[in-house]
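Asker: Based on the hints, put chain W in the right spot on chain Y.
2 protein chains.
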Amino acid sequence: MANVWDILAEGSIAAVGFSIHGQPFVIPMLYGSDRELIYLHGSAASRLMRQLETGLAACLTVTLIDGIVMARSAFNHSMNYRSVVAFGTAKKITDAAQKQSALRTISEHGSPGRWAEVRGPSQKELKATTVLAFHMEEASAKVRTGPPSDDDADYALNIWAGVLPLHVTAGDPIADPKLRDAIELPESIRNFETRQLKPRSKS
Amino acid sequence: MANVWDILAEGSIAAVGFSIHGQPFVIPMLYGSDRELIYLHGSAASRLMRQLETGLAACLTVTLIDGIVMARSAFNHSMNYRSVVAFGTAKKITDAAQKQSALRTISEHGSPGRWAEVRGPSQKELKATTVLAFHMEEASAKVRTGPPSDDDADYALNIWAGVLPLHVTAGDPIADPKLRDAIELPESIRNFETRQLKPRSKS
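Chains as they are written, first to last, in the numbering used here: chain Y, 1 to 203; chain W, 1 to 203.
Isolated chain Y, as found in the complex (with noise of 0.2 Å):
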């Protein structure tokens, strides 16, 4: 499971699966992880939210593009990446603090250390927003690393071969237009500036 927290750890967005009345849904949404539970979040008005505390079988899918495997055919091109796939099922937290921590750890995940440079949820916020712990039955990690894998009669061809690296990156910081005078960059922006956000395999 070393491998399925890790890439879970360096993700952003989920893909979070289920099905109604056999028609199936995938939909984008942030997460956050202690390597133990898997932290969703969302309106507790949304459909989203109420459809998956029901405790229905969910998917999770995180994917981690690494680099483009150029082949010197069309047929063995693929791509550098890590994914994780996790069976399971979401409960609501109701527990006060539990819920609060969750928020944190999704909002560490999202941004380090950003939660403790702003106002935190007032009870008001916390009443409209439902919590989730998505709990793993069955979890399974997928990486490809390294160059092409060509077929023998191929490698004599006159054509380039090799991978091409996918970054993500943090460009400049856009200040609100409505920020006051004189408040400067906080610490988890700058941070955030000056790290690739995904260091990739040097495949």
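By construction, these hints were calculated from the structure, which means they are not laboratory data.
Even for Gly, the Cβ is constructed at its ideal location relative to N, Cα and C.
Incorrect hints may appear among the rest.
Coverage of chain W stretches by chain Y, computed from C-beta distances (three or more under 8 Å per stretch; other residues unrestricted) [as the list claims (entries may be wrong)]:
| id | region |
| --- | --- |
| 1 | 20–31 |
| 2 | 120–133 |
Derived coverage of chain W by chain Y (criterion: at least 3 residues anywhere in the stretch with Cβ under 8 Å from a Cβ of chain Y; other residues may be distant) [claimed, not checked]:
| id | region |
| --- | --- |
| 3 | 75–82 |
| 4 | 91–98 |
| 5 | 108–116 |
| 6 | 154–161 |
Answerer: Just chain W now, with coordinates in the frame of chain Y:
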């Protein structure tokens, strides 16, 4: 629908969901589209393709992440993103010319210009590959752009707020260790290197 096709044109991986005996599956897949159909491919021997080609109800979701919306409160944090959720069914392409064309569309989607530079698929490779056309019955695009929306009272807080843009960028190509001498980088890779993959909305 213009928005839907524009978002699909920029994505690289679709999360494809379907359900078997009530158990949902969400699988990351490469795709391509010609603004009429979405094409998927995979090994003819794979369970995934054999399931999808039965024409069972499917949901195909593509998400582009444009930035992290840093609000003054934890509650109003958000993402700038563009996503498509498409419902429909997949049909196996049996016509040889249409199959070849769909494979080219998928290839050009992921690495434009590459198809003409490499060895095309052999009859054996074509036979080993299933290509599906995903027919959309219903699709919706969701887009969030722009600065945070904070509560009125929070604008007075001494907290930085704004957007941290996120981009997918290509790194330096890594040549296959088995690359023959004196093969230069082809045009498709040189072009890739210098373009930012997903020009983000100026929010």
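Asker: All hints, please: hold or fail.
Answerer: Right, here's what the structure says about each hint:
no.	hint	verdict
1	20–31	holds (count 8)
2	120–133	holds (count 5)
3	75–82	holds (count 4)
4	91–98	violated (count 0)
5	108–116	holds (count 4)
6	154–161	holds (count 8)
In the structure shown, a violation is registered for the earlier hint numbered 4 alone.
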